[in-house]
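Peer 1: Please model the entire structure based on the sequences and the hints provided.
Going line by line, the protein sequences match chains A and B. For the first sequence, the numbering used here gives the first residue as 1, with consecutive numbering after it. For the second sequence, the numbering used here gives the first residue as 1, with consecutive numbering after it.
Hints listed in this document are in silico derivations from the structure and should not be mistaken for laboratory results. From the three backbone atoms N, C-alpha and C, an ideal C-beta is built for every residue, glycine too. Incorrect hints may appear among the rest.
What the hints assert, rightly or not - Computed beta-carbon distance windows for the label pairs: (1) B:R286 with A:K165: 48 to 54 Å; (2) B:E169 with A:D565: 54 to 60 Å; (3) A:R574 with B:R319: 57 to 63 Å; (4) A:G128 with B:E169: 16 to 22 Å.
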Amino acid sequence: MSMGESTAPVRRRETLESVVVRFAGDSGDGMQLAGSQMTLASVLAGNDVATFPDFPAEIRAPAGTLAGVSGFQLHFASDEVFTPGDAVDALVAMNPAALAKNIKSLRKSGLLIVNRDAFTARGLKMAGYAENPLQDGSLAEYQLFEVDLSRLCRDALADTELGSKEVERSKNYFALGLMCWLYERQLEVVEEEIAARFQGKPHLLDANLAVLRGGWAYGENSELFRIRFAVPPAPAGAPGIYRNITGNEAVALGLIAASVQAGRDIFFGSYPITPASDVLHALAGQKSFGVRTFQAEDEIAAVCAALGAAWGGQLAVTCTSGPGMALKQEAIGLAVMTELPLVILDVQRGGPSTGLPTKTEQADLLQAIWGRNSESPVAVVAPRSPSDAFDATYEAVQVALRHMMPVIILSDGAIANGAEPWRVPDPAQLAPITAPELATAEGLGEKGFLPYSRDPLTLARPWARLGTPGLQHRIGGLEKSEGTGHISYDSDNHHNMVVLRQRRIDNIANFLPGCDVTGDRQGDVLVVSWGSTYGACLTAVRRAQRAGKRVSHVHLRWLNPLPSDLGELLESFRTVLVPEMNLGQLYKVLRAAYDFRGHSYTRVAGMPLRVQELEAEIEALLPS
Amino acid sequence: MDQATPRTFKAKDFASDQDVRWCPGCGDYAILSAVHKALAIQGIAPESIAFVSGIGCSSRFPYYMSTYGFHTIHGRAPAVATGLKIGRPDLQVWLVTGDGDALSIGGNHLIHVLRRNVDIKILLFNNRIYGLTKGQYSPTSEFGKKTKSTPLGSVDHPFSPLVVGLGAEATFLARAIDVDAPVLGEVLAATAAHQGSAYVEILQNCNIFNDGAWDTLSAKESRADALLHLRHGQPMVFGRARDKGIVLRGLRPEVVTLGEGGLSEADCWVHDAHDPDPTRAFILARMWAPALPVPVGVLRAVQRPCYDAAVNAQVATARATPGDLHKLLVGRKNWTVS
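Peer 2: See below:
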């Protein structure tokens, strides 16, 4: 092999509809960066994409160990994409541990690109390999490409004064350059990102650009690769401006859009927790929109401060993940009792307890709906994908303010860190957000201000503007007398208030659309999903439909209350399949609410559900 | 209302129409009345004031005020009040709590509100007992105290609310006793005037579950000898005959009799509430009966920027160039489909 000489080798060019690639390396290898920049290059190439960052909870586990392996999976296609993909078509493994941990995900005959320099005796030992897999034939069923990544980086940077650590650290850009060449992604996009990242550090900027281009040139000039792939752009979506967005970013933008629309500043109380902290980071930088972020001393203070701000008239939000959610529940109960608007974001992660902080799960549903003392119903909404987190958040604010109540948004790790293209809404077209604000005591009857009087339609009590003469009132966690809001221990009043608080939740359904069904409203199998399993369920159902099966899909956006026509829909199918990343929590909710026959499919692996397994489940339920 | 005429208030203007439901003889009645009076003197309208409380006997306080009021959950009032004050700096925010609410379940929130110096007035009613749960020992109960939950005597070491506050960098520390209306009034006036977290321990008698807890300090006949009324810039002199003083020897306070050994008022420790160094305030906060008189009045009042003001200043600066929603939504990298 000769580098950098006259002509490029002769090679085949293959056009593919869909590709799944995965970058895997040490936590410090910059795999998330490489993956997200290839994502950006892919969306700008016109592909639809979905991503799945998969990283450990440890910030920097010892280099070369299995515990330290960080991965980023990217699915890009010339058709609509709803999942980050089941099986990987091309795996980049930066060291033996990354290979050991990810080889299972690579499909047979898939492309395997390894950094041969890392396959030293020590590296192999740390990954638990007795023999070098590059030499023992165990990788025979894959297309193996051994690249001396570390050495090639050193060569590319031979003329610079960078230390060996900095040279080693740039090798993710070599891998990225190579992958961009292999799949015909434009380097310019990545170059702009590198320029932004290393602004003011010209020596690092030049070095990383050199390595990136070196990776591309290596693909172009070496004879290793006899094939190159093209993935044409997806059909253009609806006209508009598009961008790439993660779920956590979408939540932050949804909140700001709602804040602008409602004319209320955001108060965001939060305590750092994986995988939700990025929402705090995103909002902390948006003070020009009047956002006040409060990094509280703990989860409880975060929600309580938000509730205090809600009483004061702000758009109050708190944000956490499962363990923090458990801590906030008493205060959420206070929000139920005091009927104040409050948005609570729970980015679900693996549990119980500390569980799997960086992995995804859907097991906080029951905690959200029922996880408080006594009868304490709370509205619950769940985004179905990263971009949908914008709309779900916006709706959560709408409901919280219109009905004067706490609303829980159940996101999850896959949505929070996953990314996909998003058609940016026009601010002028955003739905209205109203709140029952009361800012004058004029026109009040003889009894004066009644803080627990309510609007007959929304069942919301007035949101008195604090500071207004004549609207002084006292609220708190003790049971309220309907109307006056005075403390009441009366048994009939208590019963009525308990029923009323449930009715307030049920009433929301009157403001929401019915079930959005993909397929017929009757048939053999109805797949019911919620949250981030949307994409896998929809894809599996569409495949079954294309095969002529009588299968339909309904995705539930609101989990509390449920759509008013759901019961009828469930009874219109021979059977119902409810796939979830928990032990059947939605299934239990549905079984408690409706009389229907169904099956719960559960897999709680810290990973998104795979389309293939769902197809098999659907198939098994179809009449033979 | 004619804006040009300043409104004047009477104590009853700050009382709500609700029946007060503390036990007859409770020290809280005297505190409530003193707060009504102090607010009338301050002259800020009831609608511009919010009272926030946690859980416990003391925390029923907001129901008896004609101001805005929020009776929250156990221990969390400092957090609720912080959120309220950040969003609504125009309101004067008071917080009423007790030794269990503030120092036990809510200890974390208390130290952080003080550390941040949020502009909130905190009244901690210390009766050294859990009243609303009917008589268990609290974090300020004396070692060995026999209660329903400690039949053989408590083996819990108590701490002082003011020492905790000082450890949390409180900018304002004061103490008063429920039955001593003049000192309580003076302390409440200083509390109302302070910018930042004003933290007040009010020694309060629970006549049902811990009657007489403060008797040696509160009894009319012994009060003058047991309490040291601090006044900024004044030498520390006390006693019924005002014949005793505090002399600071190194970092150790000592009681001396004036006129003996050639000592006069001029030899006594002169109180400096504005001393930025908290060392002497710490000595004062640790002074306790019977070895030393218990200081009442304002122990410390220093200035430090308030958290809520700093947060709002950052927002105001950023808002000089208001955010553009379209620009924010489309982000740095985007593409157009036509």
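Peer 1: Taking each numbered hint in turn, which are not upheld by the structure, reported in ascending numerical order?
Peer 2: 4
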